[in-house]
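J.: Using the sequences and the hints given, assemble the complete structure.
So the protein sequences, as listed, match chains L and X.
The first sequence begins at 0 in numbering that gives the first Met the number 0 and counts up one residue at a time.
The second sequence begins at 0 in numbering that gives the first Met the number 0 and counts up one residue at a time.
These are calculated hints, taken from the structure and not from any lab test.
Some hints could be false.
[What the hints assert, rightly or not] Derived, one-sided and incomplete: chain L residues facing chain X with beta-carbon distance under 7 Å:
#  : residue
1  : A33
2  : R58
3  : E59
4  : A61
5  : M62
6  : A63
7  : P64
8  : V67
9  : R159
10 : T160
A virtual CB, placed ideally from N, CA and C, is assigned to each residue, including glycine.
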Amino acid sequence: MRNPFRSEAAAFRFLLLAAAALAVLTAAAAAGGADTVAVAAVLLSTAVVFYALRGRHGRELAMAPAHVGPPNERRLLVLAQEPVSDELLPELRDAADRVLVVSAPSAGRLERWASDDDDARERARARVNATVAGLRALDADASGVVGDHDPVQALEDALRTFGGDAIAVSAPPGRAGARLVTRIRERYALPVTRLDG
Amino acid sequence: MRARQPRLSPQPWPWPGPRVLIEHADAEATADVVAALRGGGFAVAVCRGPEHDSRCPLAVEDGCAAAEGADVVVSWLGLTTAAARESLAALRRRLPATPLLVVANAGEAAWWPKLVENAVVLEGRPSPEQVVSSVRSLREEAREGA
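T.: Written out as structure tokens, the structure reads:
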């Protein structure tokens, strides 16, 4: 848990929250006595614990590893959270000298907690295998790996060994895909392209 | 009501060094410099500096994992605003041994001699090659002095 007094603004927010909590308990006491206060206290405590565990995600920095490989070699990381269209493969081949295809098993938290993410892992592997096979058919130097459940973490792991001078993302449609691409752009100081189609 | 901006919470470096932290208000403007530093063998982090009413974590008690893990810091926030000067002063105070490259407008550094003491100063708009060269020199000096 972070120190609530890390800044003047944070200290003021903490003061306001404490005053609000006191007001809630006072109102509960006035309304119904000890039992009501107890219920209010339990609810407030639950809210505090939930808030503390959820955390407040601060703004992280965009980072990039040192270039890996010969100076003029361009390496491309492809994150395949959706199947990559065959029409895009020539463009990916031409964009780099070496390509690493990464996919994160998109299992929900409950599935992961129950260790029931085999289907998600198989789907991720299928996406990787299909994309790598398609690239190799076009004479691209391509390889693939199924990474961490978190796509951003999967990219970080891949950047550690493969490097990567640019990232191409085949993201889910809609808001989920837009959020994923935004997270990647904010996290990595590398050119990030979203693959459509 | 203005949307609340998330506070700065720099993460630790996930990759080995040598590492360069660039502080620049416009992250997109650093793309060429980032590419040049990466090509020179440096891992790079880009910090846009404190925004709106937030403060640099070095200036408050949070600390900054990215600055603490950097081999060289390139301060490109300028010296014009109080927030930028506070960030630089906090960096000097908390990490006095970290080599520092300051990029400032022409003539600006002369107004703040204490802030740029023992730092390398580049004025105007240095090229990516100039930045890489300066970073390399700073790092070499630091290693020789160690």
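J.: Would you settle whether the hint for L:A61 is holds or violated, based on the nearest Cβ-Cβ distance to chain X being less than 7 Å?
T.: holds, 5 Å
J.: Minimum Cβ distance from L:A63 to chain X below 7 Å?
T.: Nearest chain X Cβ about 5 Å off; hint holds.
J.: Would you check whether L:E59 satisfies its interface hint, that is, whether its CB is within less than 7 Å of any CB in chain X?
T.: holds, 5 Å
J.: Report holds or violated for the interface hint on L:R58, using the least CB-CB distance to chain X and a cut-off of 7 Å.
T.: holds, 4 Å
J.: Is the interface hint satisfied for L:P64? The criterion is a beta-carbon contact with chain X at less than 7 Å.
T.: holds, 4 Å
J.: Have a go at the L:M62 hint: is there a Cβ in chain X nearer than 7 Å to its own Cβ?
T.: holds, 4 Å
J.: Mind checking the CB of L:V67 against every CB in chain X and telling me if the closest is under 7 Å?
T.: Given a least distance of 9 Å, the restraint on L:V67 is violated.
J.: Any CB of chain X closer than 7 Å to the CB of L:R159?
T.: Nearest chain X Cβ about 6 Å off; hint holds.
J.: Quick check on the hint: L:T160 CB to chain X CB, less than 7 Å?
T.: Interface hint status for L:T160: violated (10 Å vs cutoff 7 Å).
J.: Go through the hint on L:A33 and say holds or violated, using the shortest Cβ distance to chain X against 7 Å.
T.: violated, 37 Å
Of the hints listed earlier, those the structure fails to meet are numbers 1, 8, 10, in rising order.
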